[in-house]
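**Q** Keeping their order, the protein sequence lines are chains F and D.
Offset between the first sequence (1-based) and our numbering: plus 452.
Offset between the second sequence (1-based) and our numbering: plus 14.
Check before you lean on any hint, since a few could be wrong.
Result set (SDA-like, lysine to any residue): computed pairs, CA atoms no more than 20 Å apart in a straight line [what the hints assert, rightly or not]:
#1 D:K92 x F:I487
#2 D:K92 x F:F497
#3 F:K530 x F:V516
#4 D:K92 x F:T467
Just so you know, these hints were derived from the structure itself, not from any lab.
Because the structure is a prediction, the values reported are computed rather than measured.
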Amino acid sequence: MPSTFETVAGIISETCDIPRENITPDSHAINDLGIDSLDFLDVAFAIDKAFGIKMPLEQWTQDVNEGRVSSDQYFVLKDLCANIDNLVAAKVV
Amino acid sequence: MRLEYFQMVDRIAELDPAGGTVRAECRVPEASPVFEGHFPGYPLLPGVLMIEAMAQTGGWLVLAVLRFRRMPFLAQVKEAKLRTFVTPGQALQVEARLLHDGSGYAMVESSIASGERKVADAQITYRVVPFPNDTLHAQMLETARRIAVPECFMNG
């Protein structure tokens, strides 16, 4: 079974036409990979479907816009994957 | 349809927010200034207005799912296929099915038929945001009543 990162990297590569080898756990989806907000909706859709979750993008965006957290916490892929794992775990419980 | 006012949906015939489906009825007007340019002597419903009809039908579904607490704005159209010409006076049935109710976005797949004939289909993405003001919210509720959206899906 692929890791969360492998699944997410595959989704980003396919959805945004980014070479898979350019996507690392330390990549920032926006700043490094250049994914814009519209493309990120496609990524979010594919992630939601793949993991059976509903990523709280509105809350995350609000957190970043209001300066409560750095965008790294949600958009650096290793951190994004940790958030996805938490959402999956919360779903199981 | 009142093309000049972008009122594409005449009536919501079926609406099932829990099941994620909607069906709307739309009749192309016999006359409209739109047909003076599209095209002179050969009036056709513009393809972009077919897409708008699908987007609005899916939009009513998203509004009902969210009980009109948030507003869907068209963000993306994928795989749009305009299969046949549509002429003045034609009756259209527009359907949409919710693919995903995400956080801040929603996706539907929608199609138009005229009788048994497929007319168009597309996958549509909306950004879903709080209503920007009370005027728009009130107007959407008023329009919803006019096109027979059941009152029970307008709040709660």
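**Q** Hints first: check each against the structure and report whether it holds.
**A** Here's how the hints hold up against the structure:
With a C-alpha separation of about 18 Å, the suggested pair K92 (chain D) and I487 (chain F) falls inside the 20 Å cut-off, and the hint holds. Proximity of K92 (chain D) to F497 (chain F) is assessed by CA-CA distance (about 14 Å); at most 20 Å being required, the pair is judged to hold. Distance restraint check for K530 (chain F) and V516 (chain F): the Cα-Cα separation of roughly 17 Å lies within the 20 Å cut-off, and the hinted pair is therefore satisfied. A threshold of 20 Å between alpha carbons decides the hint, and for K92 (chain D) with T467 (chain F) the separation of about 13 Å falls inside it, so the pair holds.
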